Structure formats: structure tokens, C-alpha cells
Amino acid sequence: MSEAATRSVIVEREIPHPPEKIWRALTQPHLIEEWLMKNTFKPVVDHRFNLSADWGGVDCQVRTIEPNKTLSYSWDTKDLESVVTWTLTPTGAGTRLRMEQVGFRTDQEPYYRGATVGWKRYFLALEDVLSRVD
Amino acid sequence: MTAAHDMLFRTLADPTRRAIFERLCREGEQTVGALTAQAGVSQPAVSKHLGLLKEAGLVRDRHEGRQTHYSAQLSALSPLMDWTRHMAGFWESRFDDLEELLKRMDQ
Numbered sequence: 030m031s032e033a034a035t036r037s038v039i040v041e042r043e044i045p046h047p048p049e050k051i052w053r054a055l056t057q058p059h060l061i062e063e064w065l066m067k068n069t070f071k072p073v074v075d076h077r078f079n080l081s082a083d084w085g086g087v088d089c090q091v092r093t094i095e096p097n098k099t100l101s102y103s104w105d106t107k108d109l110e111s112v113v114t115w116t117l118t119p120t121g122a123g124t125r126l127r128m129e130q131v132g133f134r135t136d137q138e139p140y141y142r143g144a145t146v147g148w149k150r151y152f153l154a155l156e157d158v159l160s161r162v163d
Numbered sequence: 106m107t108a109a110h111d112m113l114f115r116t117l118a119d120p121t122r123r124a125i126f127e128r129l130c131r132e133g134e135q136t137v138g139a140l141t142a143q144a145g146v147s148q149p150a151v152s153k154h155l156g157l158l159k160e161a162g163l164v165r166d167r168h169e170g171r172q173t174h175y176s177a178q179l180s181a182l183s184p185l186m187d188w189t190r191h192m193a194g195f196w197e198s199r200f201d202d203l204e205e206l207l208k209r210m211d212q
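Chains as they are written, first to last, in the numbering used here: chain A, 30 to 163; chain B, 106 to 212.
Hints were generated in silico from the structure; no laboratory data involved. Source: prediction; values computed, not measured. Please note that a few of the clues may not be correct.
[To be verified] No more than 25 Å apart at the CA atoms, straight line, and that leaves these computed lysine-lysine pairs for DSS-like: (1) B:Lys208 - A:Lys50; (2) A:Lys71 - B:Lys208; (3) A:Lys50 - A:Lys67; (4) B:Lys159 - A:Lys98; (5) B:Lys153 - A:Lys67.
Generate coordinates for the entire structure from the input sequences, incorporating the hints supplied.
Here's what the structure looks like:
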């Protein structure tokens with residue numbers, strides 16, 4: 030995969046909670062399920078796991094783990110190969126949480142257009158569930 | 106989904122309107138008369154569809170004498186093709202849920 034053909038998505042946010050607490054939400058399966066998807070995650074390098082939703086699933090493998098600091102895993106679907114990396118940096122008021130997803134090829138755009146429809150449906154279902162949770 | 110997305114989807118959801126837009130994409134600039142000849146609906150109906158396409162930014166009109174020429178604005182479709190923005194939206198939404206979860210969690 031050439032450099033020119035890859036793209037990345039970066040989301041970064043200041044969160045008023047300590048890194049240790051955010052780390053739990055990023056690495057404990059029952060907590061991951063609450064904000065991302067059902068999963069078979071284990072915080073072990075090379076562990077293969079999957080994320081599943083009604084629109085399909087994502088195959089993942091843990092690449093790096095540095096507790097409370099950084100976590101990365103591959104994020105592969107039918108014809109997409111990417112890597113998601115989480116970085117936690119303590120700040121005075123909490124944590125700067127950064128997510129970077131890298132490795133998309135431009136020729137995968139048609140796939141993305143299709144996938145987005147499924148994801149939109151998933152968001153709606155999720156919002157509905159969340160509205161019923163305290 | 107933003108209001109702009111909603112409008113694009115809504116505008117292109119109508120098959121007759123989509124057929125007019127696709128024809129402008131395929132064949133380039135056309136007059137209302139030329140579009141009506143193939144649309145299978147009346148000229149006022151075609152004009153109405155063109156007005157909605159124009160409102161959504163999908164077509165542009167150009168007046169020449171008594172004729173109005175319409176052309177497709179492919180750039181208006183870019184929000185639908187810009188998946189990096191969609192992915193960013195996906196993750197922004199995950200971050201929102203993560204923050205909600207953190208509020209509910211014990212220290």
C-alpha cells in the first residue's frame with residue numbers, strides 16, 4: 030500500500046477523566062460494548078478479536094498495548110485494511126484522547142459509500158438504546 | 106447526517122428527478138424542452154424537478170435568450186463521496202458515547 034493511497038481519520042478530544050479510567054473503557058469488553066460494539070477483545074498483543082453489529086463485523090488484532098498510554102489494533106472489514114491507534118495523554122484537567130485510523134485506499138470508496146448506509150442505521154439504533162439508559 | 110445530506114438524499118430519492126439529474130450528468134447541458142421530450146412528464150413537472158435540483162445545488166441554470174439551459178453540478182455530490190468525513194463522524198459519535206459511559210462509570 031503506497032503512502033499516497035492511504036488516508037487517515039483523526040479525532041482528538043479533551044476528556045475530564047483520568048487516563049486510567051478511560052483505559053478501562055477502551056479495554057474491558059463489557060465497557061467497549063457500551064460505546065462501540067459487541068466484542069471479544071482481550072488486552073493481549075497479537076490477540077485476534079472481532080467487533081460485531083447487526084450490519085456486519087470488524088476483524089481486529091491487537092498490535093500494541095502500553096497501559097494507560099496507547100493501544101492499537103488492526104481494523105479490517107471485507108475489503109478494507111486499517112489500523113486504529115488510541116493515545117492517552119494526561120492533562121491538568123483530565124486526558125487528551127486521540128484516535129487515529131490509518132490505511133484506507135482510495136479505490137475502496139465505493140465500499141465506503143455502501144458501508145455508510147449500514148452505519149447510519151446502527152447509529153440510530155444506538156441512539157435509541159442510549160436514550161433509554163440512565 | 107447533516108441537513109445538507111438530508112436534502113441531497115431527499116432530492117435524489119425521487120426517480121423522475123434522479124433520471125433528469127443522471128441525464129444531465131451523462132449528456133451535459135440541456136434545455137427544459139429537451140429534458141421534457143424524454144422525461145415522460147409535462148414541462149411544468151420537469152421545471153419543478155429542476156427547481157428542486159437547483160435548490161439542492163445539484164444543477165445550475167443559464168439563461169440564453171428565451172431558453173434556460175441546465176447543467177449538472179457534480180461537486181454537489183462530494184459530501185456523499187467524502188468517506189473520510191463519514192468516518193470522522195462515526196468516531197465523533199463513538200467519542201460522545203464513550204464520554205457518556207465515563208460519566209456513568211465509577212472512578
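Hints, one by one, checked against the model:
Among the hinted pairs, Lys208 of chain B with Lys50 of chain A is consistent with the structure: their alpha-carbon atoms are about 10 Å apart, no more than 25 Å. Of the pairs offered as hints, the one joining Lys71 of chain A and Lys208 of chain B holds, with about 23 Å between alpha carbons and a cut-off of 25 Å not exceeded. The hinted pair formed by Lys50 of chain A and Lys67 of chain A meets the criterion: a straight-line CA distance of about 20 Å does not exceed 25 Å. As the CA atoms of Lys159 of chain B and Lys98 of chain A are separated by approximately 50 Å, the hinted pair breaks the 25 Å bound.
With a C-alpha separation of about 47 Å, the suggested pair Lys153 of chain B and Lys67 of chain A falls outside the 25 Å cut-off, and the hint is violated.
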